[in-house]
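Enquirer: Sequence:
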Amino acid sequence: MKHFYLIAFFFVCSLGFSQQSQGKGDIDGLKLYPNPVTNGKIFISTTLNAPKKILIFDILGTQVLQTTILGKELNLSDLDKGVYIIRVFEKDKVATRKLIIR
5 MKHFYLIAFF FVCSLGFSQQ SQGKGDIDGL KLYPNPVTNG KIFISTTLNA PKKILIFDIL
65 GTQVLQTTIL GKELNLSDLD KGVYIIRVFE KDKVATRKLI IR
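Reading the sequence shown from the start, the letters are residues 5 to 106 in the numbering used here.
Treat the hints with caution; some may be incorrect.
Unchecked claim - Calculated cross-link-like contacts (lysine to aspartate or glutamate; reagent style EDC-like; alpha-carbon spacing at most 20 Å):
(1) K102 - D82
(2) K45 - E77
(3) K35 - E77
(4) K57 - D96
(5) K95 - E77
(6) K35 - D96
(7) K102 - D30
(8) K76 - D32
(9) K95 - D32
(10) K85 - D62
(11) K97 - D84
(12) K57 - D30
(13) K45 - D96
(14) K76 - D96
(15) K97 - D30
(16) K45 - D82
(17) K97 - D82
What the hints contain is simulated information worked out from the structure, not anything from laboratory work.
Model the full structure from these sequences, guided by the hints.
Expert: Have a look at this one:
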């Protein structure tokens with residue numbers, strides 16, 4: 005069963021990175037901190053600090069959160085502990101990262 009989760013995780017990662025080329029590149033100055041998340045909040049900052057659309061997927065590729073933030077702070081206290089994929093959209097750019105919640 006662990007092998008299935010590992011394969012699914014790598015599939016989701018490769019899918020996310022392959023779709024990244026649809027935008028015009030990575031988001032300039034993107035910082036996600038703290039990662040791993042321990043207090044239920046993550047801060048997402050960029051060079052532009054424009055509004056950001058956030059999508060979070062579990063390791064099976066199921067979308068567990070979709071939101072838009074205007075500032076830097078995102079509350080993740082409703083998510084269970086584990087490994088997730090986070091996609092951040094800002095203007096015409098997109099970035100995909102691994103997110104760990106402890």
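Enquirer: A separate judgement is required for each hint: does it hold in the structure or not?
Expert: Okay, the hints, checked on the actual structure:
The straight-line distance between the Cα atoms of K102 and D82 is roughly 18 Å, inside the 20 Å bound, and the hint therefore holds. Between K45 and E77 the alpha-carbon distance is near 7 Å, which keeps this suggested pair within the 20 Å criterion. Restraint check for K35 and E77: the C-alpha separation of about 12 Å stays at or below 20 Å, so the hint holds. For the hint linking K57 to D96, the alpha-carbon distance of about 11 Å falls within 20 Å, and the restraint holds.
For the given pair, K95 sits about 18 Å from E77 by alpha-carbon distance, which is consistent with the 20 Å threshold. Between K35 and D96 the alpha-carbon distance is near 18 Å, which keeps this suggested pair within the 20 Å criterion. Our distance criterion of 20 Å between C-alpha atoms is met by K102 and D30, whose separation comes to about 15 Å. Proximity of K76 to D32 is assessed by CA-CA distance (about 15 Å); at most 20 Å being required, the pair is judged to hold.
At most 20 Å may separate the alpha-carbon atoms for a hinted pair to count; K95 and D32 meet this at roughly 11 Å. Taking the CA atoms of K85 and D62, the gap is about 11 Å. The hint holds against a cut of 20 Å. The suggested pairing of K97 with D84 is violated, with an alpha-carbon distance near 28 Å, which exceeds 20 Å. In summary, the hint linking K57 to D30 is supported, as the alpha carbons are separated by about 14 Å, within the 20 Å threshold.
At roughly 25 Å between alpha-carbon atoms, K45 and D96 are farther apart than 20 Å, so this suggested pair is violated. Distance hint between K76 and D96 is fulfilled; the C-alpha atoms sit about 18 Å from each other, no more than 20 Å. Between K97 and D30, the direct Cα distance comes to roughly 6 Å. Compliance with the 20 Å bound is thereby established for this hinted pair. As the CA atoms of K45 and D82 are separated by approximately 10 Å, the hinted pair is consistent with the 20 Å bound.
Among the hinted pairs, K97 with D82 is inconsistent with the structure: their alpha-carbon atoms are about 27 Å apart, more than 20 Å.
The structure fails to meet hints 11, 13, 17 from the earlier list, while all remaining hints are met.
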